[in-house]
Structure formats: C-alpha cells, structure tokens
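Colleague: Read off the chains here:
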Amino acid sequence: MKSLVTIRDGGAAHWAIRIAAALLVVAALFLVPTKGGNGLITSSTEALTLMCAAMALNLLLGYTGQISIGHSAFFGIGAYTTGICVSRWGWSPWITFPLAFVAAFVVGVIVSFPASRIKGVYLALVTLALALVFPNVLRWPKLAWLTGGGPGLPNKDSQVQTTGFDIGRKPGQMRHFEIFGWDPFGDLRSLDAKTAFYYWIAAFIAVVVYLVCRGVVKSRAGRAMVAVRDNETAAAVMGVNVVATKAFVFGISAGLCALPGSVTAIRIGSVSPDIASLTIIGSLTFLIVMVIGGAGSLWGPIVGACLYVFISDKTGTWANDDAIPALLRPFFAWSKTPPGGGIFAVLLIALMFVAPRGIVGAWKQYSSRLVRVVPRPVGMTAPEALVRESGADTTDTTGATGATNINNT
Amino acid sequence: MDLFLQRVVDGLAQGSVYALIALGLVIIYRGTGHLNFAQGEMALFATYCVYQLGEWGLSIYISVWIGMAIGFAVGAATERLLVRPVAKKSPFAVFIVTIGLFQFLNWLDGAIWGDQLLPNSGVGSEQSQFPSLFPDKDTDFITIFGANIRIQWIGVFALVLLVTGLLFLLFNKTRFGLAMRAVASSPDSSQLVGIRTNRVLMMSWGLAAAIGALGGIVFAGLNNSVSLGLMFTVFIYGSAAATLGGFDSPGGAVLAGLTIGVIENLVAGYAQEWVGQSLKLGVAFLVILIVLMVKPSGLFGTQKVERV
Numbered sequence: 268m269k270s271l272v273t274i275r276d277g278g279a280a281h282w283a284i285r286i287a288a289a290l291l292v293v294a295a296l297f298l299v300p301t302k303g304g305n306g307l308i309t310s311s312t313e314a315l316t317l318m319c320a321a322m323a324l325n326l327l328l329g330y331t332g333q334i335s336i337g338h339s340a341f342f343g344i345g346a347y348t349t350g351i352c353v354s355r356w357g358w359s360p361w362i363t364f365p366l367a368f369v370a371a372f373v374v375g376v377i378v379s380f381p382a383s384r385i386k387g388v389y390l391a392l393v394t395l396a397l398a399l400v401f402p403n404v405l406r407w408p409k410l411a412w413l414t415g416g417g418p419g420l421p422n423k424d425s426q427v428q429t430t431g432f433d434i435g436r437k438p439g440q441m442r443h444f445e446i447f448g449w450d451p452f453g454d455l456r457s458l459d460a461k462t463a464f465y466y467w468i469a470a471f472i473a474v475v476v477y478l479v480c481r482g483v484v485k486s487r488a489g490r491a492m493v494a495v496r497d498n499e500t501a502a503a504v505m506g507v508n509v510v511a512t513k514a515f516v517f518g519i520s521a522g523l524c525a526l527p528g529s530v531t532a533i534r535i536g537s538v539s540p541d542i543a544s545l546t547i548i549g550s551l552t553f554l555i556v557m558v559i560g561g562a563g564s565l566w567g568p569i570v571g572a573c574l575y576v577f578i579s580d581k582t583g584t585w586a587n588d589d590a591i592p593a594l595l596r597p598f599f600a601w602s603k604t605p606p607g608g609g610i611f612a613v614l615l616i617a618l619m620f621v622a623p624r625g626i627v628g629a630w631k632q633y634s635s636r637l638v639r640v641v642p643r644p645v646g647m648t649a650p651e652a653l654v655r656e657s658g659a660d661t662t663d664t665t666g667a668t669g670a671t672n673i674n675n676t
Numbered sequence: 346m347d348l349f350l351q352r353v354v355d356g357l358a359q360g361s362v363y364a365l366i367a368l369g370l371v372i373i374y375r376g377t378g379h380l381n382f383a384q385g386e387m388a389l390f391a392t393y394c395v396y397q398l399g400e401w402g403l404s405i406y407i408s409v410w411i412g413m414a415i416g417f418a419v420g421a422a423t424e425r426l427l428v429r430p431v432a433k434k435s436p437f438a439v440f441i442v443t444i445g446l447f448q449f450l451n452w453l454d455g456a457i458w459g460d461q462l463l464p465n466s467g468v469g470s471e472q473s474q475f476p477s478l479f480p481d482k483d484t485d486f487i488t489i490f491g492a493n494i495r496i497q498w499i500g501v502f503a504l505v506l507l508v509t510g511l512l513f514l515l516f517n518k519t520r521f522g523l524a525m526r527a528v529a530s531s532p533d534s535s536q537l538v539g540i541r542t543n544r545v546l547m548m549s550w551g552l553a554a555a556i557g558a559l560g561g562i563v564f565a566g567l568n569n570s571v572s573l574g575l576m577f578t579v580f581i582y583g584s585a586a587a588t589l590g591g592f593d594s595p596g597g598a599v600l601a602g603l604t605i606g607v608i609e610n611l612v613a614g615y616a617q618e619w620v621g622q623s624l625k626l627g628v629a630f631l632v633i634l635i636v637l638m639v640k641p642s643g644l645f646g647t648q649k650v651e652r653v
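The listed protein sequences derive, respectively, from chains L and U.
Take 268 as the starting number for the first sequence in the numbering used here and just add one per residue.
Take 346 as the starting number for the second sequence in the numbering used here and just add one per residue.
The hints are simulated quantities; they were obtained by calculation from the structure and are not laboratory data.
Quick reminder that beta carbons are idealized off the backbone N, C-alpha and C, glycines included.
Each hint should be verified, as a subset may be incorrect.
What the hints assert, rightly or not - List time: in silico BS3-like cross-link candidates among lysine-lysine, alpha-carbon distance up to 30 Å:
hint: 1; chain 1: L; residue 1: Lys386; chain 2: U; residue 2: Lys518
hint: 2; chain 1: U; residue 1: Lys482; chain 2: L; residue 2: Lys386
hint: 3; chain 1: U; residue 1: Lys518; chain 2: L; residue 2: Lys409
hint: 4; chain 1: L; residue 1: Lys409; chain 2: L; residue 2: Lys302
hint: 5; chain 1: L; residue 1: Lys581; chain 2: L; residue 2: Lys603
Stated by the list, open to error - Example chain L residues on the side facing chain U (calculated, C-beta under 7 Å, incomplete):
hint: 6; residue: Trp407
hint: 7; residue: Ser486
hint: 8; residue: Arg487
hint: 9; residue: Asn498
hint: 10; residue: Leu565
hint: 11; residue: Pro623
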C-alpha cells in the first residue's frame, strides 16, 4: 500500500510531529486544572491513575505477550506500601513511592519464575487466581498487625494516625506542599487546592511511568521483549535470555503498577481490601483499558484510560440527563448498576472483530495511508504479531518491516 | 472422627460444584482448545434466571431445566457468534472475547437484578432463600458414625455422579459423543469423514454451559442465595480442578474437583487459625501453580508434545 507522504524516522519532519504531540500533551495537562472544574480534575486524576496501571500491564502483555489478570495485586502492593509506611510508621508519603516500586518489583520478579514455565492462557489462570487470593491475604487475621485486616488502614491500632497520609484534615498533617519555598497549591485543607494537588501527583507519576515505558520499549530490552512475544524459541536462538527478559519485564511492570496504587492510597486517604482496583475488578479494568486503547502501543493505554473514564462518567447519569434523547433514556434507566461496564464489555468484544490492535492500532493502520514513517535500517521494531492480522500492510515498497509504527512520539 | 466425616462430606458437596464447572471447562477445552473464562459467569446468568423463575412461583424442579436450557443457549450462541469468528484471528482474541463476555454477563446480571444479595426480603422477594434441589431444612440430616450428614450434601454428590455417568454414556455410547471425541482428537480429519465439526463445537459449548449452569444453581442452593460475586471463586476452584485432572479429561476433572473440595474443607477446618475461611482460596491457587509447573498435563490428561 502506497502512502501519500513518506517521512524518515528521526528526520526533521518526524521530530516536528513528535514535538507538536508533546506540546499538545503538556498543554492538555495544564489546561485541565486551570480551566476545568473540580469534577473534571478528579476524573482526570482517575484517568491518569488508570493509564499508569494500563501502561504497566502493556509492557507485560502488549510487548512481551505474557497475559496477566493479576495486576490488581501489584496495584495493591503499591497502595499498601504507602498505607503501611505512612499510617503505621508515620513516614512521609513521598518516600513510599520508590519503596512501593521496589516492593512490587521484587514480588514481580518472584512471580516471573513460575511464569516463565507457564504459557498463554494458563498464565492468565494463575494470575487470575493471584488476583482473587490477594484481597484475602490482606484480610488474613495473621497479617492484620501489618495490613489492618478487613477494615484496612488507618485504624484504631495504628501507631501513628495523623501524619500526612490523610492530607490536610487533622492537626499535624501536611498543610502545604512547598518546593524550594514555592507553594503552588496554597492551603491544602481547601477542596480546590487538594483536588489540584492530587491531580498533579497523578500527572507526575503518569509522565514518569510513560517515560520509563518508552525507554524500556525503545531499548535493547524492549527489542528482546518483542522477540520473546513473537517467537520465544527464535528469540532464545538469537541470544535473548528469555528467563531474564521475563523476570525484568515482570519486575518493571509490577513496580510501575504499584505507583498508581500509591497515588490512589494517598488520594483516598485510606487503604482496604475493598477498594475496587485491588480486586479482580481492577485487573479486568486494566486489561480492558489496555486492549481497547491498543495493546503493544505506547499511546494505547493513555487513549483507553481517557475513554474509559469519560464513558463511565458520562453514562452514569444518562438515565436522568436531559441532553440525551428521550428515546434513549429508558435504555439506560432500566439498568440497576452503571451502564459503563456493559458498554465497555461490548466495545471490547466488538474491537476484537474489527480492530484487534485497539483504537491506536487501527489509527496507525489508517493513518499510515497518509503519512508513513520509514524506520531506520538498524534497530527497527519487529512487526506486531501478537494479534495476527490478515496481511494488511505487511508489504511495503521499502521492504522495511516496521512500517506500521508511525508517529511513535 | 465424626467431625472428620462431616467435613469430608461437606467437602464432597462443595467439590461437586467445582467438578461441574471443571467439566464445562474440559468439554470446551477438548473441543476447541480454548479456556472459557466466562464459564462461571454463564452459569451465574442461568442461576439468576432460575431465581427469577422462582420469584414468579415456578418450582425449582422445573426451573432447573429451564436454567440449563438458558445456559445451553448462551453457550451455543457464544461459540457461534463470538468465538468462532475470532478464533481464526488468534487465541489471544478468543481470550479477550471470553474476558469481555465475563464482564458483560456480570454487568448484565447486575443491571437486571442489582448488586445486592438475592433473595432479599428487603426488595420484596417472594422467596425466603434460593431454592435448593434437595431437602435442606435444619432437620434434614442423617447420622452416620455420630456425624451429622446433611441430606443436601449427599444429594449434590449423587447429582454430580449422575451427571458424570450420563456424560460417560454420551461420550462413549452415542454417535454424537463419538463425533465429539473425533473432533477433539483431530478436527480436520473428522471434517473430512463427514462430521459437522462446527455443529459439534457449538453443541459442546452449549453442553458445557448447561452443566456449568447446573453447578451454579446447585451452588446457589447450597449458599441459599445468589450474588454477583458468587462464581468468581467457584470458577477458580473449577479451573484448579480442571488443571489437576488434566484439561482434556472429564473423569479427571470430576475426581480432581471432589478432591479439591475435600482438601480445601479439611485444610480450612483443621488449620482454622492459620488458613481459615480467608485463605481457603490459596489452596486452589497453590494447586494450579504447582500442577502447571510440575506436571502441566495434570494427573489424567494427555501429555502435549510440542514441536518447535
């Protein structure tokens, strides 16, 4: 298939596209808290948290082809690391982020060893069991001295109840956030300041997670991951250390997934096994967000998370919303639970029929008819064979294999 | 001794439900090689339908058949409309479709029946509890060696033996069973000798979902109620049973299901302080993990030879 414009990867035109996209993202990040109301900011915070988890999962599933329905456990490890450190020992919430990463990284590496023997849907089964067991471990009475058991943390027995964890409500808690004497949010006890504060924590973490993912994917490790995904045996023959690669990806993916967990713990101000993201519901949400956005693409989870939060927010009130045509309203009114879950399930199944690579995958496929980025001959990315497709744009006049990878900013 | 016996029979009753779910998984796996993650939710939908029929005053002995028929229809439709078209694309797409179906059915149950425990007298239920197929009043037990064995437990156990026996007859004594075994062993060859492979697969999914539905109805009967999360753990136990028994062995699945039910109950009972109710699920997790790592074909499954 011939495209209208062909630009070279790393050329001036490509950099122009990248910089423009980056500027757009930065502009959007700043526009939300300055122009939007508290509702929009809170939704955006949720979307940013969700996209972190989905990006972490994407490294493992999208790029390395290891199915995990157990990422809610890693998310929970992050949340509980923050919860325990802050509420039991009175540590500053900030140092719990690296701690959460390390804790989940270690658990992820441990999980990777059995996982390297278990393949495909069987791995999905093991991780599904992990996701279901995890909240029960948190409730386990023998661990209650640490996790607080069923009610979670902070609880009556916590040694420290009032240090920073629940920001701004009680005496002795963090009231101002200052960097080098600059206080961007003002008094954190006010709702506006608090909302903006949480938004910027989530945004900062999202940017960090995105950059780490991008760095990993574009590195030697990323190429090893894709090689393992496409053909494990061939990768091993080519000199890729399959076990080490899987251990690395499991660790990184788990560690990155713990970061939004910490954000959630700080935002909610408490942790308990009942938080939806810590249960199987969370795992499924991460998976659905990632697959709808596009598995195996850096932008997929971001698009998926924004769409997810947008649709779940909007459809929640459609039953009583005057903006919705009166004919459609009963369609949403009969549902006793929010219709978002059903809409996403249908969307997910429908996408498997029309665009198995998700929204971003489809976008890449169609946009490549207009603009095509020809990769450099060395270090090009392998074709995305995770989801086989019926021979669409695999041949190219230049013969380059990764020609579908347009616009990787 | 009496407590031991009581726990074993209770475990057998629980294990019977796992065995029914595992049977469904195995039947589908034998036919198409897919792991149906929506198995539990299909059963849950049928179970909710049975609850609804009970609200309308239908006897459980009639509604259980309707529930199984609904399960059959859902399973067959899933294979025909969702799984078959995407199976050509990739196994990953089938996995995602079953996950999507899991989510959809769970949402649908919640949308129709709400997210609280049913039957709930607060929302005007006619029934005080989910109907059981067997006598389940507090006085319905027999005493063997000093152990109080509830008749319901024996009934459920007998039911799963009956289903297994019928399946054995179906697989080994009927033309349809022969066709199913042929498709399981070689889809291409069986198509060449004139077996309607597609129809057989559709029926297999239907059959699997119907058996799963029976499991859901029985389990709701044991629990006296139905809720959105009812089948999550049952599905994990069921898949643990299917893993232990070998994914292509129906007999193995039943045996493993009963075994896991008994082990889980004994562990939770005797190690109450350490394991108890909250970590019972860990038994299933460990079984899956260890079997998949040590002997992926399970106890009774055929060893898979992989050519690389």
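Colleague: Is it true that the CA of lysine 409(L) sits at most 30 Å from the CA of lysine 302(L)?
Modeller: Violated. Lysine 409(L) to lysine 302(L) sits at ~49 Å, over the 30 Å cutoff.
Colleague: Does the closest beta carbon of chain U sit nearer than 7 Å to the beta carbon of serine 486(L)?
Modeller: Cβ of serine 486(L) sits 25 Å from chain U, so the hint is violated.
Colleague: Can the hint on leucine 565(L) be confirmed by a CB-to-CB distance to chain U that is less than 7 Å?
Modeller: violated, 19 Å
Colleague: Using 7 Å as the Cβ threshold, decide whether tryptophan 407(L) counts as touching chain U.
Modeller: holds, 5 Å
Colleague: When you check the alpha-carbon spacing of lysine 482(U) and lysine 386(L), does it fall within 30 Å?
Modeller: violated, 46 Å
Colleague: Quick check on the hint: proline 623(L) CB to chain U CB, less than 7 Å?
Modeller: holds, 5 Å
Colleague: Quick one, is the arginine 487(L) hint okay against chain U at 7 Å, beta carbons?
Modeller: Violated, because the Cβ-Cβ distance from arginine 487(L) to chain U comes to roughly 24 Å (cut-off 7 Å).
Colleague: Are asparagine 498(L) and chain U close enough, Cβ to Cβ, to be under 7 Å, as the hint says?
Modeller: Asparagine 498(L) check fails; min Cβ-Cβ to chain U is 9 Å, beyond 7 Å.
Colleague: Are the Cα positions of lysine 581(L) and lysine 603(L) separated by 30 Å at most?
Modeller: holds, 16 Å
Colleague: Given the hinted pair lysine 386(L) and lysine 518(U), is their alpha-carbon gap at most 30 Å?
Modeller: violated, 35 Å
Colleague: CA of lysine 518(U) to CA of lysine 409(L), is that 30 Å or under?
Modeller: With a Cα-Cα distance of about 53 Å, the restraint between lysine 518(U) and lysine 409(L) is violated, given a limit of 30 Å.
Hint check: violations occur at hints 1, 2, 3, 4, 7, 8, 9, 10; the rest are consistent with the structure.
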